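Residue numbers (my numbering), protein chains in the order written: chain A, 12 to 139; chain B, 6 to 782.
It is worth saying that the hints were derived from the structure and are not from the lab. Just so it is clear, the structure is predicted and the values come from calculations on it, not from any experiment. C-beta: ideal position from N, C-alpha, C; glycine also. Some hints here could point you the wrong way.
[Stated by the list, open to error] Computed, partial: chain B to chain A, Cβ under 10 angstroms:
#, residue
1, 300
2, 302
3, 648
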Amino acid sequence: MPKILLVEDNEMNRDMLTRRLEKRGYTIVIAVDGGAGVTLAKSELPDLILMDMSLPVLDGWDATKQVKSDPATANIPVIALTAHAMEGDRQKALGAGCDDFDTKPVELNRLLLKIEDLLKKFPPKPKA
Amino acid sequence: MKSLSFRWQLTLFILMICGVTLSLALVGLYLYDVRQFNAEIESRLEKTRFLMVENLTPLLEQNPEATDLQLGALGVDSQIAAAALYTPDNKLLARYMRPGAHEFIPPPPKVFQKPIFDTHRLVAWSPIVSNNKTIGLLYLKAAESEADKDRFKDLIKLALIIFSSAAFLAITVAFRLGGRFTQPITELAHVATTVQRTHDYTERVQSSASGEIGELIESFNAMLQTVQTKTSELEQARETAEGAKDQLEEANRTLEARVEDRTKLLAKAVKDAEEASKAKSSFLAKMSHELRTPLNAIIGYSEILREDAVDEGDTRTADDLDKVLNAARHLLGLINDVLDISKIEAGKMELYLETFDLAKTINEVIATASPLVAKKGNTLTLDCPPDIGSMHADATKLRQMLLNLLSNASKFTEKGTITLKLSRLPDGQSIEFAVIDTGIGMSPEQLTRLFQAFSQADASTTSKYGGTGLGLAISKQFAQMMQGDITVQSAAGQGSTFTIRLPATVEIKKPKIVNQASHRLTRSPFVEKRPKILVIDDDKDIRVVISEILDQSGYEVFTAGSGQQGLDLAVQMIPNLIILDIMMPGMDGWTVLTKLQNKPALADVPVIILSGASGLEMAMSLGAAAVLFKPIDANQLTAEIAAQLAPLPSSFILLVEDDADSRTLITRLLDGEGWSSRAAINGNAALRIMKLGTPAMIILDLKMSGMNGFELLEVIGKNPEWKKIPVVVVTSMDLTSDMRDYLTPRTVGILLKGRFSREDLIGSIRRSISTAALTPT
Numbered sequence: 012m013p014k015i016l017l018v019e020d021n022e023m024n025r026d027m028l029t030r031r032l033e034k035r036g037y038t039i040v041i042a043v044d045g046g047a048g049v050t051l052a053k054s055e056l057p058d059l060i061l062m063d064m065s066l067p068v069l070d071g072w073d074a075t076k077q078v079k080s081d082p083a084t085a086n087i088p089v090i091a092l093t094a095h096a097m098e099g100d101r102q103k104a105l106g107a108g109c110d111d112f113d114t115k116p117v118e119l120n121r122l123l124l125k126i127e128d129l130l131k132k133f134p135p136k137p138k139a
Numbered sequence: 006m007k008s009l010s011f012r013w014q015l016t017l018f019i020l021m022i023c024g025v026t027l028s029l030a031l032v033g034l035y036l037y038d039v040r041q042f043n044a045e046i047e048s049r050l051e052k053t054r055f056l057m058v059e060n061l062t063p064l065l066e067q068n069p070e071a072t073d074l075q076l077g078a079l080g081v082d083s084q085i086a087a088a089a090l091y092t093p094d095n096k097l098l099a100r101y102m103r104p105g106a107h108e109f110i111p112p113p114p115k116v117f118q119k120p121i122f123d124t125h126r127l128v129a130w131s132p133i134v135s136n137n138k139t140i141g142l143l144y145l146k147a148a149e150s151e152a153d154k155d156r157f158k159d160l161i162k163l164a165l166i167i168f169s170s171a172a173f174l175a176i177t178v179a180f181r182l183g184g185r186f187t188q189p190i191t192e193l194a195h196v197a198t199t200v201q202r203t204h205d206y207t208e209r210v211q212s213s214a215s216g217e218i219g220e221l222i223e224s225f226n227a228m229l230q231t232v233q234t235k236t237s238e239l240e241q242a243r244e245t246a247e248g249a250k251d252q253l254e255e256a257n258r259t260l261e262a263r264v265e266d267r268t269k270l271l272a273k274a275v276k277d278a279e280e281a282s283k284a285k286s287s288f289l290a291k292m293s294h295e296l297r298t299p300l301n302a303i304i305g306y307s308e309i310l311r312e313d314a315v316d317e318g319d320t321r322t323a324d325d326l327d328k329v330l331n332a333a334r335h336l337l338g339l340i341n342d343v344l345d346i347s348k349i350e351a352g353k354m355e356l357y358l359e360t361f362d363l364a365k366t367i368n369e370v371i372a373t374a375s376p377l378v379a380k381k382g383n384t385l386t387l388d389c390p391p392d393i394g395s396m397h398a399d400a401t402k403l404r405q406m407l408l409n410l411l412s413n414a415s416k417f418t419e420k421g422t423i424t425l426k427l428s429r430l431p432d433g434q435s436i437e438f439a440v441i442d443t444g445i446g447m448s449p450e451q452l453t454r455l456f457q458a459f460s461q462a463d464a465s466t467t468s469k470y471g472g473t474g475l476g477l478a479i480s481k482q483f484a485q486m487m488q489g490d491i492t493v494q495s496a497a498g499q500g501s502t503f504t505i506r507l508p509a510t511v512e513i514k515k516p517k518i519v520n521q522a523s524h525r526l527t528r529s530p531f532v533e534k535r536p537k538i539l540v541i542d543d544d545k546d547i548r549v550v551i552s553e554i555l556d557q558s559g560y561e562v563f564t565a566g567s568g569q570q571g572l573d574l575a576v577q578m579i580p581n582l583i584i585l586d587i588m589m590p591g592m593d594g595w596t597v598l599t600k601l602q603n604k605p606a607l608a609d610v611p612v613i614i615l616s617g618a619s620g621l622e623m624a625m626s627l628g629a630a631a632v633l634f635k636p637i638d639a640n641q642l643t644a645e646i647a648a649q650l651a652p653l654p655s656s657f658i659l660l661v662e663d664d665a666d667s668r669t670l671i672t673r674l675l676d677g678e679g680w681s682s683r684a685a686i687n688g689n690a691a692l693r694i695m696k697l698g699t700p701a702m703i704i705l706d707l708k709m710s711g712m713n714g715f716e717l718l719e720v721i722g723k724n725p726e727w728k729k730i731p732v733v734v735v736t737s738m739d740l741t742s743d744m745r746d747y748l749t750p751r752t753v754g755i756l757l758k759g760r761f762s763r764e765d766l767i768g769s770i771r772r773s774i775s776t777a778a779l780t781p782t
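If we strip away everything but chain A, and leave its shape as in the complex, we get:
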């Protein structure tokens, strides 16, 4: 099953998303800040990254930039999760290289559609 890296500092959000995505069969890897997200993206090579934008240490935009600038991780699709209030963040997220975005609070069905769309576009490579 596809492996999703969830970069999210808020524990409840992390817990909810993890549980609901796992329930739908996804493998979830968790990072609690941007730096860990970049590291885990390299080491875990997930099929998709759900990236919160407001993160401690390294924020979501910079983390995305790093992920997208590393050839090893550049092809991993990234969905930015932005707060509704921060519409400017979305634009920044796309600018940073995110492939799609969704607003928090997460509407799971919509998010699932986006995840499936992106996984179709970037089919998971058979793991070596």
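Place chain B on chain A using the hints.
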């Protein structure tokens, strides 16, 4: 003579008359006396001659040659100076000389028959005849005797004594009398001189003189009395005036203090408002975040629980959790709406334009809306041409608008059809999204309030159908931000059609500037130098655009991206004009304006405010030279700058009027008459112009934000030069009698707006100024 006192003049005059009179009298007397004396001598000479002839005749008859004839008897007459007796053949027989006298006895004349009497020399020649034969010749000469001489001397002495006595008497009398006449005049002259020197009008001429001099002195005293009265009245008036002046100055100080207080209060109010506004914004942002976080958890965990319940077949729990979820989502919607509307109202809502595939977006919307529509047994149909293609707009906002319309439609429709119809308009430039329902519809009255924030068609609707009533207001704002609109067609019971029309390509707009490509920019009034303009605006695009426009129009442009930077730059460069944005993060425009006004070097630099829809009054209160609303018209901007910087005509009418329409109207009217004019939006702006040049007259509105007409009149009244400027008041105020009493002495005319004709105004102006004083434009 002029330098002599009147008294001396009088004395000399009397003396002169006296001397002349006496001299004439004495000369007359003397002449008379001499004549008498001569007559007397003559008569005595004649008598003596007769006697001598009578005596000598017998003697000579006896002895014609008698040489011993004695003439000594003549000595008895002291007046006979000499005598001689000649024979007919001119032989001297005898002679006599008064003792002590040296007389020359002349020879007898050649021929004479009868006595020769030379009265001039008092000499007599007398023949002595006997029997018709001349026997001798007698010579006699009379002369004044010593006694006579003494007599003349006595006469002269007497004359001198009389003369001296008379002169003395004349002088004394003249002096005494002169004193009597001249003393009052002298006193008068003295008092007059004293009054002239000391300006002491209480002095009076003390004199008992009567007659004309008395009258003169009385008149003079009366005149002094009048002068004294007038002077004291004048003095009183002056004191009153000074008192009034002091009062006025005091009043002015009070006024200034009040203005200052008010300005401070205002600045504080501005600051408070700004802080409150910031606090509100940050509170809203924070609250929305704070509210969202727990809501997220509620929604998220409820969904998990619901899924579990559904999985476990626990429908009851699943239903309950649905209710929780609905309520939570509703709450989230409310929070989002409130946040949206507050952002819109604060002007902070921004557009994020992107090109997106319409079909895909619409499908997402349909997917999201379907469960909602289905709830009340409605059918959702999509009417969309397959080649609808893509559009360039803010997809999120479009989504939100469509969802809002669909959600509204499903709220007010039961077991009906809701259609979402897309169409590209024939011009290909616009796209229409119509949401058509078969619901309850709305009455015209409800339609009017439809798009107003916090106002649903019916107050009861909220409780029945839910929602904040903000959705439509937000959607309408979104549509307008994207250069489109939302319209509605509805009738009660016949369903409603809401139509969103948007341009297929929403422009990356420079929302705050229009007309920038126009070639009708007003050029700088200065050809040689380029006036320096400082643009303070946090929006970089605005700075760039304004810089371009002003550069083209002949100005040197400096820009600052924040209030503080603008202030610093202004202090350094002292610009000729400042263009100031109001909404800036950090130090806002109000604060910058207040700080500018407080710096002496910058207080007179005109500031043009770039404002949103509100804040005109505040800008004017704070002393802005002009206020331009965003979006800014480049024509208007350059025209305003040129007007602010243009050198004042040598003669002009100052129009102080806050209403832009009235200003334009009156300015045109003045232009039409060929009169130069300058417009000011309130007293503060008027004063700034008046400091540069005194207007020929002022047309003054009374009710203005900032310094109003009355306050301006107060300031004008303080300045002696400005005080002379005729002022015509043009007002829409209902003037109380107090106001009229105040205005009447300070103005030359009061015209009530809407009640005066063009001719009234022109006439008023003509009357107050000489047309020649105004240079035709």
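Status of the hints after comparison with the structure:
Residue-level restraint check for residue 300 of chain B holds (minimum Cβ-Cβ distance to chain A is 7 angstroms; threshold 10 angstroms). Taking 10 angstroms as the C-beta contact cut-off toward chain A, the hint placing residue 302 of chain B at the interface holds, the least distance being around 5 angstroms. The restraint placing residue 648 of chain B at the interface with chain A is violated, with a minimum CB-CB distance near 38 angstroms, outside the 10 angstroms limit.
Hint 3 from the earlier list is the only one contradicted by this structure; the remaining hints agree with it.
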